[in-house]
Amino acid sequence: MNIKSKNLSFNFPLATMLTLTLTTATMQVNAQTQSRPNILLIVADDMGYSDLGSYGGEINTPVLDQLAQQGMRYTDFYVSPTCSVTRSMLLSGTDNHVAGLGNMGELNAPNQVGNPGYEGVLNKRVASVAELLQDNGYHTYMTGKWHLGLKPDQIPHARGFERDFSTLVGGGDHFDDGWNVEWQIPKMPYTEDGRPIKKLPKDFYSTRTYTDKTIQFIEEGRKDSKPFLAYMAFTAPHGPLQLPDDWLRRYKNRYDEGWDGIRLQRLARMQKMGIVDKDANSADRLFFLPRSTAFTPAVRVMQGRKMELYAGMVEYMDEQIGRVFDYLKEIDEYDKTVVIFISDNGAEGNDLRAMVAGQVGSFGFLHAMNNFAENGHNSLGRKGTYAEYGPLWAQVSMTPFRAYKGWVAEGGIRSPLIVSGPGVKGAGGLNKKAILHVMDIAPTILELAGIQHPDTYKGREIEPMQGKSWVGMLNGSTQSPRSPGDWLGWELFGNRAIRQGDWKISWLYEPFGTEDWQLFNLAEDPGEQYDLTDKFPKKREELIALWDEYVETNGVIIGARSPFEQASKQLPNRVPEFDDYPPVRGIEAVPYKKLIELMGGGSEDKE
Amino acid sequence: MKSTNRHILIPAVLSTMAVFLSFSGKALAVDDGARAYWKARDGTTIVSLQYLNLNMQASDAKQFAPNQYIYPNADTEANIMVASWARHMTLLNRPSSLSVNLVAGSVDVDASGSLDGQFVPPGQTAGTAFSQSSSGYADPSVQIDINLAGTTPLRSTVDLLNYEPTWTVDAAVMLGVPIGEYDEDKLVNMGLNRWYGRLALPIKYHFGVFSPGYMSSFEITPSVWIFTENDDFLGQELENDPLWQIEAHLTQDFTPTFFGSLDLLYRSGFQSEIDGVEVGDDVDIGDFGFTLNFQSTDNLMIRTSYSSNVFGDNDIDNSLLRIQFVYAWHPLTENSKKLRTGH
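Chains X and W are the protein sequences, given in the same order.
As numbered in numbering that gives the first Met the number 0, residues 0 to 606 make up the first sequence, in order.
As numbered in numbering that gives the first Met the number 0, residues 0 to 342 make up the second sequence, in order.
Honestly, the hints are just simulated from the structure, not real lab data.
Keep in mind that the hints are not guaranteed to be accurate.
To be verified - Stretch by stretch, here's where chain W covers chain X in the computed footprint (C-beta under 8 Å, at least three residues): (1) 292-298; (2) 422-433.
As the list claims (entries may be wrong) - Derived, one-sided and incomplete: chain X residues facing chain W with beta-carbon distance under 10 Å: (3) ILE196; (4) LYS197; (5) ARG253.
What the hints assert, rightly or not - What follows is a set of in silico ranges between Cβ atoms, one per label pair, in the way DEER data are often shown: (6) X:ALA353 <-> W:GLU163: 25 to 33 Å; (7) X:PHE364 <-> W:PRO330: 30 to 38 Å; (8) W:LYS337 <-> X:ALA372: 25 to 33 Å; (9) W:GLY341 <-> X:ASP547: 52 to 60 Å.
Quick caveat, the model's predicted, so the values are computed rather than measured.
Heads up, the beta-carbon is just placed ideally off N, CA and C, and yes, glycines get one too.
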């Protein structure tokens, strides 16, 4: 990731001067101890753009909606297409190709292995924001998903978190069985305060336990007056979609009407809320997905069950976040806490379960047989099951965008962003002007804490942050931390994109792309439906030149292999019907229930 | 989809008709069976064929079965076949089922003790041992079961997908039709020569996950049997008080296609009178047993069970072995198979 900023070249000498010695910084910190805010950084895992009520979703999220009412929402906030990559930028404030996650560690291509920026872990070319805050008078706590390294010098405790209760890997069982999605590491490794956890408590449920630990850490750290950074990296609603039993049917039958209707309802609400412009192009239903009314009610019930679980996980997370807020209010710290809520990437539309289970006879299959083979309709969501809601619902979660997690289309990289707390002006507002990026968060936190990013850390040179602090935007002095000429870049799995202002170019593997650069105007076409290459060839060339700069600046190496290189063969064929083809000949004028009755000769439920 | 369809079908297959028996000889040992009142989709048809082997040894005590009596110092063996047809439907907007049972077989009695005067059939002498047999059709019966609470009608696949019952309460009414083979000169008969019926209140509690491989239930069915008068019992009139019965099962899935059950059957009452004079004692028999049930295909289920009396006041020993084949289908499921297989 790269930000080209005129301010950047000015700020670094200044920063260098201000952080010549640790002593200077420490003095500064001591002077500001009483006024520096707590930071509560909350990251959802694989949650979509439009899932929260405050972003148009029908999922019940009163706590985060209330947070949005107290603070600000932002429409153009970007992350990476996948989790560990985003997390590397979140904690380092710089591009993933610099911070060590040029590719996901699990998927490094042969020509990437061993190169700087492709360590597959948060490397030592950067200092984590936790390390800097820890050294400057903050308590630093982390709960949840790390995914930035497994070795002792790579884990949260080694990278700046004084207290942690973390899973080191990318995803797995939400209960105490603790199986990991990867057969190579069959059990999810957990650490607490830097020490491995041999066995999870019996009542372990990820979201609840992470919340318990967060509250515990804050409570136990209250003995002094130091502010805290609490990083809550929930593993919800990442698959497997699992819930405590009493939450399994919270959304029972809520999604039986199918994906199309829910998506249209979300879009209408987003338009009403001003999140999406009414005259802007939203993405069509993904080309390989059928319309929901093509299926019998039973099929929609079965597919809807998965979305029920997903919605339940989102609401459960919301409720647990509410517990933390309640606790902070109880100890009179809520008003001193800046809360930042994001998701780490687009909603998950890939069938990760099928990917990890592999082929019959493989180790992945054996792993699945041992741990998550159960998939009965009424079993889904319980221990031993591995439900994913797939592209049908991922496209709903990413309304109004195209594609989903893994891709650099907007559906893979757009995230909700809510910021609230002291110094955040414009309660209940919606900022549609600012183009923001996850690597902005670290410099924002540092500025809020009154800490300058150093050139060196523990005797080693570290890379400068490329993100831009939002403090000016939060306090209302500017609408955006970026000028019109600033730009953002992405590359993952060979898919690549550049955004500058309203313009975006992207290179995507087929079938989501053409394996050539396409040009979109996101102001008019956030759904990336119309390639404007022929209309604006010069703009396309300008952005391609920025891509070249991005590669050069960040040391990007396009992988010789990509998990998406055969996506066109792996994804289903285009469905043979579209919204406007075959032509409507009157049958759709018949109410759907009547149609079913006519076809089945019985009640509306008969198939 | 493939696996899900299978899961849709399994509850339909597991839901059984009310298997009911009425055969002369020592009939009290037969229950409805585990999961007899589980629900199936409206339109599901189930046919069943079961073989029962009942052995009973009675001591001096003189006891009666619903239709006949237990002969003192008698060894009894019955071999019975029961063919059943059942249809699940919706009645009064409630899940219901109608079942019909045809019963045939044979029963053999060897009594070494003395017979009281009331029980002496023609050709026999009071106070001597005797042997007698009977074979042929017994009385058929028809039963209707209707759910009172705990679930909505299961008219569609959607209803089945949403079917996660906890408590269910049914009411079942059975009527036995006295057309089975009966010889008024014999002590041992296949038919009862009298109308009879049963009122039952099947109650189920499902616990755990209602998903194949995980389903568990506790089932209890209190019921009462009522008999009219047999006006030609060896030239005498036979009357019986109602027979009170409690049947209970604790069932557990072992795999998606294999479940087991612990079975309990307790009966009391049924005081007999011959020509207005009480004979014998009340029934007081408790049987305990187990059932194993294997679903071999989407349609076919094979079941076996064994039970024996383990408590009660009566001085008898009995055992019941049952082997049952159940075949179930629903037109839409079968049509779906046709479409998929091209047949």
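Verification of the supplied hints:
With a threshold of 8 Å between beta carbons, the proposed coverage of the segment 292-298 of chain X by chain W holds, since 4 of its residues qualify and at least three are required. For a cut-off of 8 Å, the count of residues in the segment 422-433 of chain X with a CB near a CB of chain W stands at 0, and the three-residue condition is violated. At about 28 Å, the closest approach between the beta carbon of X:ILE196 and any beta carbon in chain W exceeds 10 Å, and the interface hint on this residue is violated. For X:LYS197, the interface hint is violated, the least distance from its beta-carbon to any beta-carbon of chain W being 29 Å, above 10 Å.
Given the 10 Å rule on beta carbons, the hint for X:ARG253 is violated: about 12 Å separates it from the nearest Cβ of chain W. Evaluation of the 25 to 33 Å hint for X:ALA353 and W:GLU163 yields a pass: the beta carbon distance comes to about 27 Å. For X:PHE364 and W:PRO330, the Cβ-Cβ distance of about 36 Å falls inside the hinted range of 30 to 38 Å, so the restraint holds. For the pair W:LYS337 and X:ALA372, the beta carbons lie near 30 Å from each other, so the given range of 25 to 33 Å is met.
Remark: the range hint 52 to 60 Å for W:GLY341 to X:ASP547 is upheld by a beta-carbon distance near 57 Å.
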